[in-house]
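> Below are the chains, spelled out letter by letter.
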Amino acid sequence: MSDKTTNPIAFVAKGTIPPAPPPASQAGVVKWVRDNLFSSVPNGVLTLVALAVIYLLLQKTVPWLVNGVWTTSSLNECREVLDGRVGACFSVLTERWHQLLYGFKYPADQYWRPNLALVLLLVAAAPVLFFDLPRKLLIFTGLYPFIAFWLIWGGTIMAPIVALVGFVAAGAVFQIYGRGSFALGFFGGIATALIVWTLGGMLIPEGASDNAMLQAVPSRDLGGFMLNLMLGVTCVSLSLPLGIALALGRQSDMPLIKWICVVFIEFVRGVPLITLLFVASVMLAYFFPPDATVDLFLRVVIMITLFSAAYIAEVIRGGLAALPKGQYEAADSLGLDYPQAMRLIILPQALKISIPGIVNVAVGLFKDTTLVSVISMFDLVGMIRGPILASTEWNGVYWELLGFAAFLFFIVCYGISQYSQWLERRLATDHR
Amino acid sequence: MSTLSDPPQEQFRLSMLVNDTRYRSLTFQAIAALLLALSIWYLGNNLIQNLRAAGLNISYDFLGNPAGYDINQRLVEYDNQDSHGRAALVGILNTLLVAFLACITATIFGVIAGVLRLSNNWLVSKLMAVYVEIFRNIPVLIWIIIIFTIMTAALPGPRAFRGDDPASTMVLDLFAFTNRGVYIPMPWFESGIFASAALNWLLVLAVLVGSFVATRKIEAWASHKQEETGVRPKTLFMVLGVWLVPFLLLMVIMGLSWEVPALKGFNFQGGIKIGGPLIALWFALSIYTGAFIAENVRAGIQAISKGQTEAAAALGLRPGRIMNLVVLPQALRVIIPPLISQYLNITKNSSLAIAVGYADITATLGGITLNQTGRAIECVLLLMLFYLTASLVISMVMNVYNASVKLKER
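In order, the protein sequences belong to chains B and Z. Residue numbers for the first sequence, in the working numbering: 1 to 432. Residue numbers for the second sequence, in the working numbering: 1 to 410.
Keep in mind the hints are simulated off the structure, nothing from the lab. Check before you lean on any hint, since a few could be wrong.
Part of the chain B face toward chain Z, derived, beta carbon under 8 Å [claimed, not checked]:
hint, residue
1, Pro218
2, Ser219
3, Ile274
4, Phe278
A few chain Z residues that don't get close to chain B, going by computed Cβ distances all over 10 Å [to be verified]:
hint, residue
5, Arg13
6, Ala33
7, Leu101
8, Pro139
9, Gly255
Covered, in the sense of this in silico footprint (three residues per stretch, anywhere, with C-beta under 8 Å from a C-beta of chain B), are these stretches of chain Z [stated by the list, open to error]:
hint, segment
10, 38 to 49
11, 57 to 71
12, 113 to 123
13, 142 to 156
14, 224 to 234
15, 387 to 400
Since we're looking at a predicted model, the values are computed, not measured. Even for Gly, the Cβ is constructed at its ideal location relative to N, Cα and C.
Using the sequences and the accompanying hints, generate a full structural model.
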């Protein structure tokens, strides 16, 4: 006791003790590895298995990629250069890239035309994809189909101009008469367009395409990845309005229109795309007038458009069903008629909800354009399996070609799905 | 002052067909019916004219004519003297076979990948994310061709198995992976109860179904006991016994033995041959659709709110039971509808068989038969009819199942 009273405090801290670093097992890389890779025994086993799988994959692919040969002119030369080592023969890509991208018949000196069309496509798509861009750019988007048609097919410039004039005239008629009655404006517009096209068709002289500014390229000369892109873009953009119409028709109160839409949608969704492509290649010709020759590209576009329209219709129907009933009733109570209610209230919301689904359909459709190789159109897959692998120089170069095709499709599809996720976040207006 | 009175009964006037919303729909439907009839007439008329010009008619008689082509992969007896109809039947069975196999394996791949993608193991979840993104974003046709190429170009020919020091050997001396297909041992019965092999296999199937029913009974009995006494009787050994004893007994009685494939002459003989095209199609469809199913499974599990897991943990359930008793039954309701459409997609995508020469209905009826007979319209219509029926049946069966697991709301 007495000791304590004389010297009551044995130790006095002079300052704050600096915080000790956490134990090595609780910080930094070690902690991360422990938490994320080896948190339990099964987890540790999984990690080791995953590492083994990654090692095996890399062990096969890395030497193959690194030793790749880019400069030879046939598979045999490739093998000589490689001299027994494992390595890819990428020279097939450097030698045949034009065939893979444009098909084997598109005139080589005209490659700038599809290239320009692709660049302009990006410009035209930009205002649709990004809302912050000035709305004036949409005018160019409206003009783009005609410019692209003229660039890719060439021939007389009169044809796209007549088509454009028809659309402009129809739009004007709709603007004037559509205010009073939607139906009058709509059907009036269609009639106007038909009249303009018929008259304009007579104006184009016979053989106008022969000495046109751009050399005319027939549809059967299109091919390669360009064909996939063209089919994808054309069919998705054509099937959107058709899909919206089908979805609205399926929701309609009118039994006849509803049943036409239901039967069409369910029929198309019940059969594989290949059978529809068979229809395009062997059957559709029977349904056109006897003297008409509709080329294969157009027939395929028609069938793929109908196909994707049915899927898009189902996606949009989901969006329409997801809207609260109050929105429909609110539109009614404001005294809006059906076209106004749809255009101003229902569709903007329903389409917003449907965007992820629509993008899914678009990506799926773009991937499905490879199926045209089955009906002997030379798209990217068709080029690989047909002319390139069958040639004596490149018989046996499977992995490089298929890998290249897979790479191209992956870039485009992954890009689109990333865009869709960005858009979803951007459009999310609900409160979370 | 009367505030309300019946509106005056209006006489129906013709202008109301345009101006009155009550009657306008009649006008629209009349126009639609007219347009529909006109287009049908137009198309039909074109068809008749075109057929007459080509000297053709619509007739299904060709189905009875000899087909004249061989089919390698077949489930029923067929040779090239059989009719086109028989060839179509072989094709239908092949389509159903590959669709059935691919549905099972795609579900397995998808569930594993979907669950692993949610794993707290960083490496594994990233690996699964890469798998899903790579397979979803590349066309299934390219995958089919890639795997078919592996089958034909990367595997050794039967010749490589020959000699004292062969370049390739059979796996476990039972399985042979060659570029002509994969050979696996075939089970058969030495002393079957019935003379026909098919009947013996039906008997095996019947025994298995019986075991399944008995298991359900045992589980029901155990649940009943648990309700009454609060203690669940141990059923593991009973269930094992019900499955194994009758099955093994039957196998011993019938004398099960295996026919192992062996190299004879230029090729392997015996065993079951699974052709390269079938494997390519099966595997490609499985991993491609598996990636989609993985996303559905992940979405389904994530749709279950965290509170459910936490509540189950608070009740003292172990993680495995939380998954089995709380999360999965609820997640299944979210997963099943998209799963149905994935099964439909597999069935429809199996038509890509034509790209690798697997003799499904598209390749027989829509391919060789169509080209030989030139009966384009009939073949394509029959083809569509088959796929429509298959789609409808699958969605019907799955809808029944979906209704049975649906949330019962009162």
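> Compare the structure with each hint and give your call.
The hints, checked one at a time:
no.	hint	result
1	Pro218	violated (23 Å)
2	Ser219	violated (21 Å)
3	Ile274	holds (5 Å)
4	Phe278	holds (5 Å)
5	Arg13	holds (18 Å)
6	Ala33	violated (6 Å)
7	Leu101	holds (18 Å)
8	Pro139	violated (4 Å)
9	Gly255	holds (40 Å)
10	38 to 49	holds (count 4)
11	57 to 71	violated (count 0)
12	113 to 123	holds (count 6)
13	142 to 156	holds (count 5)
14	224 to 234	violated (count 0)
15	387 to 400	holds (count 4)
Violated hints for the displayed structure, listed by number in ascending order: 1, 2, 6, 8, 11, 14.
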